[in-house]
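Sequence lines, in order, name chains S and Z. Just so you know, we're using my numbering here: the first sequence kicks off at 1 and counts up by one. Just so you know, we're using my numbering here: the second sequence kicks off at 1 and counts up by one.
Note that these hints are calculated values from the structure, not bench results. Mixed in with the good hints, there may be bad ones.
Said to hold, decoys possible - Examples of chain Z residues toward chain S, derived with CB under 8 Å:
| hint | residue |
| --- | --- |
| 1 | L34 |
| 2 | V40 |
| 3 | P113 |
| 4 | I138 |
| 5 | G147 |
| 6 | A155 |
| 7 | T156 |
| 8 | V158 |
| 9 | R161 |
As the list claims (entries may be wrong) - With a straight-line Cα cutoff of 30 Å, these simulated DSSO-like cross-link-like pairs (lysine-lysine) come out:
| hint | chain 1 | residue 1 | chain 2 | residue 2 |
| --- | --- | --- | --- | --- |
| 10 | S | K395 | S | K445 |
| 11 | S | K216 | S | K332 |
| 12 | S | K61 | S | K395 |
| 13 | S | K242 | S | K419 |
| 14 | S | K332 | S | K354 |
| 15 | Z | K152 | S | K445 |
| 16 | S | K194 | S | K135 |
| 17 | Z | K101 | Z | K153 |
| 18 | Z | K101 | S | K344 |
| 19 | S | K445 | Z | K149 |
| 20 | S | K242 | S | K332 |
| 21 | Z | K149 | S | K395 |
| 22 | S | K419 | S | K445 |
| 23 | S | K500 | S | K332 |
| 24 | S | K7 | S | K216 |
| 25 | Z | K101 | S | K395 |
| 26 | S | K143 | Z | K149 |
| 27 | S | K332 | S | K135 |
| 28 | S | K61 | Z | K152 |
| 29 | S | K216 | S | K194 |
| 30 | Z | K152 | S | K143 |
Keep in mind it's a predicted model, so treat the numbers as computed, not measured. Even for Gly, the Cβ is constructed at its ideal location relative to N, Cα and C.
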Amino acid sequence: MSAPVSKELELVRRSSFFEGLEDEHLEYFASRARRCTFGPGERVIVQGEPATSFYVLAEGKIELSFRKAGEEMALNEELGPEVEGQVPSHIVGHQGYPVGWASIVEPHFYRATATALERTEMLVLDRELFEAYAKERPDFGLKFMRRILWLIGNHLRMTRTRLVAARYGNMPQTVRALLNQNAATLSVTSPLHKIPHYLENRLTVDDAYHTLEVMKAEGDEVERELAAQIADLLDEVWREVKIFRQLQTTYELVAGATPTMSSEELRYRSCEAFAELFEDTDYVIRGEENLPDAPGHIFVMNHLSNHLDNLLPNDFILTLDTHFVASMILLKKYGRAPVRVVRKSDPGEYGHQKFYDRLGYIYVYSGYVDPADDPHVSSEHRRRLFLEAAREHLKNGRNVVICPEGTSTETENSPLPFKTGAFHLAANVRPEPLIVPIAVANFDKRLTRTRTAAIVHEPIKLSEHLGESIDGRALREFVDGYVYECFRDYVRGAVRLADKGREGSRSSP
Amino acid sequence: MSKKKLRTVQKSEATAGLRASDPTRVTSEDLAGLAFFENVSGWALRRLARSATRRQLEQGAMVVRQNDEARSVYFLLSGAVHILVHFEEVGDLLVGVQRDKGSLVGWSAFMAPYRYTSSVRCEEASELLRIPRDTFDIVFEEDAYLGYKILKKVATTVDTRLEGAVTFLDSPIVPAEL
């Protein structure tokens, strides 16, 4: 009966780096390897420090980053060298990945910094072990150095590809370039050739993921290694896929809900689903101390366009900024989802209508009027209907979210001029609701590549600015002047907040 | 290595030794003068030198081409070479420049699948020393530990090139004009 195989031996046997080395050598190293655990944020190796050990990733995920030659590394007393200023590299999560070849290669200084992104376990092999064994078994030494060359060569190709792609191309092109760089060894029938095509369309990215998983497990040596490299390269894409899937699920949650489920409950569930989505993104919220203690107020915000990557298969895009305010600010503070004021869907916007109908949002009309909504009703009457519906929600202690621009734009152009509807509403409800300004930034960018920001500002009590009896002209001037000027500063503030360092991100003050 | 291959290499080594006045001839002293061959034993240097040749190349001449079979290793004796990598939809990009005496060119000859991963072109008139891959294989077969030490030097070269790639490619670059 054969002896049980240790975890360490199993790991090095599976690692593509050790491929082609005889089992007796693998057993030698596996039995002499130490296991080391690193917590999130902890450094495994630091660029520029003496390279004394070679590591093999056993569990977890690490980020490899490089500092350009000649750049000084600032020291942070608590965390060690700062990551800021380094050329961002890539995230590695495949078991058996070797780290720290500089321990084998002169001048024996680590060439990169490896940081654990989660709890990470590494096998550790000391440099002297390799040196002594290569002297004792030069046949091993020769083969081992060929594997080191293979490893550095892969990195050289990968680095060139990534840097060139970052400058010139997109992800499908990056993968295509990587495949081309390996054309000499990759079979022309390999399913990996499909990956760039799958990546071209959001709906087939899942197929890319699946193909890579299959290749990592069942491909030949070249395919396994390349699949692992591509999967690491696409780490950001997988996060985007996850967000897209969450958007699809949230849409289905609302649009496909049973008819008996109330709008109130659906709004709550939808907000919960969005909160889950946003929790995994890089965001910052400030000014929550400005939120009124009790609900029943009007929240006005600038409205940002959506990134086209979030377009669902039915051509509907869920607006991210308003859902962020609803789920991450208002639901968390008041425990109740707000009601939003949304544009009435145009003909053909089936997805839009299906979603908002179920949420019981208040419609406003921008040009198109559904015949079912009575074409003979005047715009004045429609405004009255809007005021009545909104007033009812406010009186019942529900918050109402309004984007006064009536349209959306990019962060850089935000805010656009405001319409006065939200302020008319405040002037027509008693007890008078507060108007709470919220400025947002970067929701028009890809959520995986930006930091979003939202700042709640001091509420406005309209009567304190315009008195109890408000005429239309004074209101218009107030909105165009005071409110709009304030909001321009507010949005710039949100942009600055998003641009700030990571300190304080993903949190409230 | 097959006997036939070994015979061919031995024959070319013998022929090279006879051509004392050949301007392409390389001596073990020539090799010993290059940093790469520091601490390499005399017998190995003599063996490598016998099959080595000098090549004088004009500005713009190609030393190796990307994806060609890597049959030889080159060392720059004088001049300068550009390292170019072809990227689909982008073209040939300059990814490095070598101008130091003794710089290793064509390291892919040390590693399967023995295909050059980049093209190398003379930036100016250059002299290079060429050593067939097969000769290195013979040396490695005779002394595997020496092979280990030589490959370690190759690894150091490629590692330095990797560090250089980050700096070089992160600075403004233009597609090379071929």
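Here is how each hint holds up against the structure:
1. The restraint placing Z:L34 at the interface with chain S is violated, with a minimum CB-CB distance near 16 Å, outside the 8 Å limit.
2. Proximity of Z:V40 to chain S is violated relative to the hint, the smallest CB-CB distance being about 15 Å (cut-off 8 Å).
3. Interface hint at Z:P113: satisfied, since its Cβ lies 5 Å from the closest Cβ of chain S, which is below the 8 Å cut-off.
4. A cut of 8 Å between beta carbons decides the hint on Z:I138: the least distance to chain S is about 13 Å, and the hint is violated.
5. Taking 8 Å as the C-beta contact cut-off toward chain S, the hint placing Z:G147 at the interface holds, the least distance being around 5 Å.
6. Nearest Cβ of chain S to the Cβ of Z:A155: about 5 Å, under the 8 Å cut. The hint holds.
7. For Z:T156, the interface hint holds, since its Cβ comes within 8 Å of a Cβ in chain S; the closest pair sits about 5 Å apart.
8. At a threshold of 8 Å, the smallest CB-CB gap from Z:V158 to chain S is about 5 Å, leaving the interface hint in force.
9. The criterion of a C-beta within 8 Å of any C-beta in chain S is met by Z:R161, whose closest approach is roughly 6 Å, and the hint holds.
10. Distance hint between S:K395 and S:K445 is unfulfilled; the C-alpha atoms sit about 36 Å from each other, more than 30 Å.
11. Simply put, S:K216 and S:K332 have alpha-carbon atoms about 42 Å apart, too far for the 30 Å limit, and the pair is violated.
12. Straight-line distance between C-alpha atoms of S:K61 and S:K395 comes to about 51 Å, which puts the hinted pair past the 30 Å bound.
13. The hinted pair formed by S:K242 and S:K419 fails the criterion: a straight-line CA distance of about 36 Å is larger than 30 Å.
14. Between the alpha carbons of S:K332 and S:K354 the distance comes to roughly 26 Å, so the proposed pair stays at or under 30 Å and holds.
15. For the hint pairing Z:K152 with S:K445, the CA-to-CA distance comes to about 46 Å; that exceeds 30 Å, so the pair is violated.
16. Taken as a hint, the S:K194 and S:K135 pair is broken in the structure, with Cα atoms around 45 Å apart against an allowance of 30 Å.
17. The hinted pair formed by Z:K101 and Z:K153 meets the criterion: a straight-line CA distance of about 15 Å does not exceed 30 Å.
18. Restraint check for Z:K101 and S:K344: the C-alpha separation of about 74 Å exceeds 30 Å, so the hint is violated.
19. The suggested pairing of S:K445 with Z:K149 is violated, with an alpha-carbon distance near 51 Å, which exceeds 30 Å.
20. Distance hint between S:K242 and S:K332 is fulfilled; the C-alpha atoms sit about 23 Å from each other, no more than 30 Å.
21. Restraint check: the Cα-Cα separation between Z:K149 and S:K395 comes to about 82 Å, which exceeds 30 Å; the hinted pair is violated.
22. Only pairs whose Cα atoms come within 30 Å are accepted, and S:K419 paired with S:K445 is accepted, the gap being roughly 25 Å.
23. For a cut-off of 30 Å, the pair hint linking S:K500 to S:K332 stands: about 24 Å separates their Cα positions.
24. As the CA atoms of S:K7 and S:K216 are separated by approximately 19 Å, the hinted pair is consistent with the 30 Å bound.
25. Proximity of Z:K101 to S:K395 is assessed by CA-CA distance (about 84 Å); at most 30 Å being required, the pair is judged violated.
26. Only pairs whose Cα atoms come within 30 Å are accepted, and S:K143 paired with Z:K149 is accepted, the gap being roughly 12 Å.
27. Between the alpha carbons of S:K332 and S:K135 the distance comes to roughly 64 Å, so the proposed pair goes past 30 Å and is violated.
28. Our distance criterion of 30 Å between C-alpha atoms is met by S:K61 and Z:K152, whose separation comes to about 29 Å.
29. This hinted pair checks out: S:K216 and S:K194 have alpha carbons roughly 15 Å apart, not beyond 30 Å.
30. For the given pair, Z:K152 sits about 11 Å from S:K143 by alpha-carbon distance, which is consistent with the 30 Å threshold.
When the structure is compared with the earlier hints, violations turn up for hints 1, 2, 4, 10, 11, 12, 13, 15, 16, 18, 19, 21, 25 and 27 and for no others.
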